[in-house]
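Asker: Below, each chain spelled out in residue letters.
Protein chains: 2
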Amino acid sequence: MGQETVQETAFTIVQGGSVTTPRGFRAGGLHCGLKKTTRHDLGAIVCEVPAAAAGVYTTNVFQAAPIKVTRESIAAGGVLRAMLVNSGNANACTGQQGEADAYEMRAVFAEAIGVPAEQVAVASTGVIGELLKMDRVRGGAVELPAKLGESYEAADDFCQAILTTDLVKKEACVAVTIDGRTVHIAGASKGSGMIHPNMATMLGFVTTDANIGSEALHGLLRQVTDVTFNMITVDGDTSTNDMLVAMASGLAGHDELTVAHPDWAAFAEGLRYVCEVLAKAIARDGEGATKLVEVQVRGAVSDDAAQAIAKTVIGSSLVKSAVFGADANWGRIIAAVGRAGQPVNPDTVDIRLGDIVTLKQSAPVAFDEDEALAYLKGDTVVIHVDLNMDNGSAKAWGCDLTYDYVRINAAYRT
Amino acid sequence: MGQETVQETAFTIVQGGSVTTPRGFRAGGLHCGLKKTTRHDLGAIVCEVPAAAAGVYTTNVFQAAPIKVTRESIAAGGVLRAMLVNSGNANACTGQQGEADAYEMRAVFAEAIGVPAEQVAVASTGVIGELLKMDRVRGGAVELPAKLGESYEAADDFCQAILTTDLVKKEACVAVTIDGRTVHIAGASKGSGMIHPNMATMLGFVTTDANIGSEALHGLLRQVTDVTFNMITVDGDTSTNDMLVAMASGLAGHDELTVAHPDWAAFAEGLRYVCEVLAKAIARDGEGATKLVEVQVRGAVSDDAAQAIAKTVIGSSLVKSAVFGADANWGRIIAAVGRAGQPVNPDTVDIRLGDIVTLKQSAPVAFDEDEALAYLKGDTVVIHVDLNMDNGSAKAWGCDLTYDYVRINAAYRT
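Chains as they are written, first to last, in our numbering: chain A, 127 to 540; chain B, 127 to 540.
I should point out that these hints are in silico values taken from the structure, not numbers from a laboratory.
The structure presented is a predicted model; accordingly, all values stated were derived computationally and were not measured.
Keep in mind that the hints are not guaranteed to be accurate.
Pairs involving identical chains hold if they fit within one copy or between any two copies, as the list cannot separate such chains.
SDA-like, lysine to any residue: derived pairs with alpha carbons at most 20 Å apart [unchecked claim]:
(1) Lys521 with Gly204
(2) Lys486 with Gln222
(3) Lys162 with Arg533
(4) Lys194 with Ser488
(5) Lys194 with Pro472
(6) Lys259 with Val234
(7) Lys259 with Val491
(8) Lys486 with Asp516
(9) Lys417 with Tyr529
(10) Lys417 with Arg533
(11) Lys161 with Gly425
(12) Lys162 with Glu420
(13) Lys162 with Ile139
The following block holds chain A by itself, in its conformation from the complex (with noise of 0.2 Å):
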C-alpha cells in the first residue's frame, strides 16, 4: 500500500525473445499448400549441434503417426537437430499409409540439412483423417532450409507454421543465470479447440542453451506440464496429435545441469514460467474465447484433490457460459465444486470472483452486482475457491463459452 514490493525472480523475461534467442537454434516457415490459404502450414526449428531432447505426448488412444516417428527418434538416442512441424493436416487416423508418410518427411527434411533421420522430430496439427499431400510436403521441406535464419522473423514465420485456427501465434523467452552464465528458455506453441488435459491438441516446442541430459530434461518437463500445460482446457476434447518437446543445445557452457546443480530450481523455474505463458496463451485463445479465466483452489486435502477441482470448475460449460455473459452465477462454480468427485466440506467453501465475495463458508454473500458486472466484462477473470481443509492448492486456466466457438466447430472440416 503506496510502498513498491520487488518481487524476485529466478528468471528475466525476455522481450522479443523468440525460439532463436537461445543459442545454437534457427527457425523458419513458409506454405507449402497444406493450408487452403497462403498461410504458413510447414515450419522447423533446427539446431546446429546435436541438443538434448525430451518429449511428453497425447494420452489418446489414437495417437497420430507423427507422434510414434518423433517417440522413435528421441529413443534413439536421446538428441534432436531438427523439429519438422505441418498445419493444416494431422496425420491422425490415417493408417498405414500416414505412418510411411510421416517416416518419409521425416526421411525428406533429415536430408534436406544433411543430418540422420533419427535426429530429426516431426509434429502435424489440423483435420483428422485425411492423408497428407505429400507432394506438397516433400516441395516445403527440400525448400525450407534456405528460409531457416536466426533473426525473430525467421522465428515469427515457425510460430506463423504452426498455428490453425489460432487467432495469435504463442512465444515466450526468459533468461536465467547458471554457474555465473546467461541461459536462455524459449518456447513456441499452438493451440485452440480440443484442448484439455492432459495435452490435448496443443503443440508446444522448447528450445534452450542449458547443458543438461536428455533423462534430466525429460523428467523436468513431466513435473512442468503437469502445473502448466495439463492445467488447460477450452472445450474437454482430447487431440490425438498432441505433443511437447524440449530441445537443449548445451551452448551456454556451464556444468551439466542435474537435480543436485544449486541453479536447477531457478532453471525449473523459468521452463515452468515458459510454459505456463505458452500454456495460458492456448487458453486465451481457445475458439471463440473473449477471455482468459484462471481459477484457483486453495484449502483442498491436497495439490491432487484441488486439481481435479480446478479442472472441472474450469471446463463446466455453465461457468464458462455464465463468464461470456458477465454473469455473476456462482452457483454454478459451486456446483461444479460439488461434482469433481473430492473430498469437499459442504458448509465450508469461500468464493471470490476476482476480490468479490460471492460465498463464504459455504452461504450466499451479498454482492454489488454492478461491480461484479464490471469485473466480468475484463479480459482476465480469477476464480478462487477456497474449501478452508487443507493445504492443497492449484491452478488452472481456460476460456469463455462463446457463440464463436460454435460458430467455429459447426462448419470447421467444410
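Add chain B to chain A, keeping to what the hints say.
Answerer: Positioned in the frame of chain A, the structure of chain B alone reads:
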C-alpha cells in the same frame, strides 16, 4: 422386407396417459409467484393411499435442502402420500434457512391435504443460492389441493409446473399385465440444462398402481436409472437438486411384485421404457438443442466400458458442434473414443452415422458427403461405434451444441 414384423413387447404404450393414469393419483399445478412470468411454478402429485416410495438422488456433494427432506420422508416409512415440487428457485446453497424452508414447505402442504409431514416429499429446481419466497410457497401450497384432479388437464398442470428452461413438458405412460391385471406405469420429468450423468438438473416422477414394496421398487429404480437417466448429457454439468421419485399405489390389486414374480420382467421393462422416454425427452429438449443425438457403442470389453465410451462421445463439445453444423467430422468421434480411458484396440474401430459407414477397422471409408449432410440435418442422429473387441454395449443420449445454448446460459440469472 415387404413383410411386416410385429415386435413383441412386454408393455403397451398408452397414448394420452400421464401421471394420473395409474389408479389412486391426482395431480395439479398453479402459479404462486416464484417465476417472473405467469407460468406455473408449484405442482403436486397426491396419492389417495400411502404409496410405496423410492428415490434416487444427485451425486453432487452440495445436495439441496429438498433432497435432505425427501430422503428423510422416504426413510421414515417407505411410503409417500404426496410429492410437492416448485420451479423457479432450487433452494440450494441456502444454508440453515433453506433447510428450514424445505421443512416448512413440506409441513404446510401435509397439513393442507391432511397427511403426516413425513409422507410428503419436496423437490425444487431453478436458480441456486437464493432463498425461497416462502410467503408465495405457503400461499400456493394452501391453494393447490383444490386444483388437484385425475384429468389429463390436471396432470398437464403438474407437468408444466416443474419446468424451468424446458421448451416442452415430458411425460410417458405404459400398461403392463401382471397376474392378468392391467397395471399402469407413468412418469413426468423436467430438465434442459445442467444435465449430465449422474442425475443432473433433472427431476423425474413416476407413478404406478403396481403392488410393489419400497425396497424392491428402490432396487429396480436404481438399475433402470443407470441405463436411462444416467446415460443422458446436455452439458456435462451435474446439479445439486436431481431427484427421481417413484410412488406405487398398489391399487391394481395383484400379488406383490418381487424379483421372483413371473411378471417382474414385464414390470421392469415397462419402467425402463418410461424412464428412457423421459430421459430422451430431456436430451432432445437440451438447452438450445435442435436435435436428439444417440450414441450406440458395441463390441466393447464390457457394458461398463461401453457406457464410459458412449458418455464421452455424447459429451464432446466438438462432436456436438459438428452435429449442429451437420458436419460428418468422424475424426472428433474417434478422438473422443480414444480419450474415454477404456480399453480400445486402435486398429479395429468401425464408425457409422446412421447407415453411413465412415470408418471401418479404423481406416477411413469414402462416403457421399451430400447423403451425410442430409442425414445429419434430420431431427435425430444416431452415432454407431463398434470396437469389435467383445460383447459390451451401451446407449447414451444427448443433443447438439448450438448458439442458443450459449445465449440461454450467458444470461440465465439476469
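Asker: Against this structure, judge whether each hint is valid.
Answerer: Outcome of the hint check:
For the homomeric pair Lys521 and Gly204, neither the shortest alpha-carbon distance inside one copy (32 Å) nor that between copies (45 Å) is at most 20 Å. For the identical chains of this complex, Lys486 and Gln222 are inter-copy neighbours only, at 14 Å across copies versus 57 Å inside a copy, given an alpha-carbon limit of 20 Å. In this assembly of identical chains, Lys162 and Arg533 lie within 20 Å of each other by CA distance solely inside one copy; the values are 19 Å within and 32 Å between copies. Taking the shortest Cα distances, Lys194 and Ser488 sit within 20 Å of each other only across copies (17 Å), while inside one copy they are farther apart (48 Å).
Only between protomers do Lys194 and Pro472 lie at most 20 Å apart by alpha-carbon distance; the minimum there is 13 Å, versus 46 Å within a single protomer. Proximity of Lys259 and Val234 under a CA criterion of 20 Å is satisfied intra-copy only: 14 Å inside one chain copy versus 73 Å between copies. Only between protomers do Lys259 and Val491 lie at most 20 Å apart by alpha-carbon distance; the minimum there is 18 Å, versus 59 Å within a single protomer. Proximity of Lys486 to Asp516 under the C-alpha cut-off of 20 Å is restricted to the intra-copy arrangement: shortest distance 16 Å within a copy versus 51 Å between copies.
With identical chains, the CA atoms of Lys417 and Tyr529 are at most 20 Å apart both within one copy (13 Å) and between copies (18 Å). When the C-alpha separation of Lys417 and Arg533 is checked against a cutoff of 20 Å, the pair qualifies both within a copy, at 17 Å, and between copies, at 17 Å. In this assembly of identical chains, Lys161 and Gly425 lie within 20 Å of each other by CA distance neither inside one copy nor across copies; the values are 47 Å within and 37 Å between. Taking identical chains as interchangeable, the C-alpha atoms of Lys162 and Glu420 are never at most 20 Å apart, the minima being 34 Å within one chain and 33 Å between chains.
Proximity of Lys162 and Ile139 under a CA criterion of 20 Å is satisfied in neither setting, with 36 Å inside one chain copy and 53 Å between copies.
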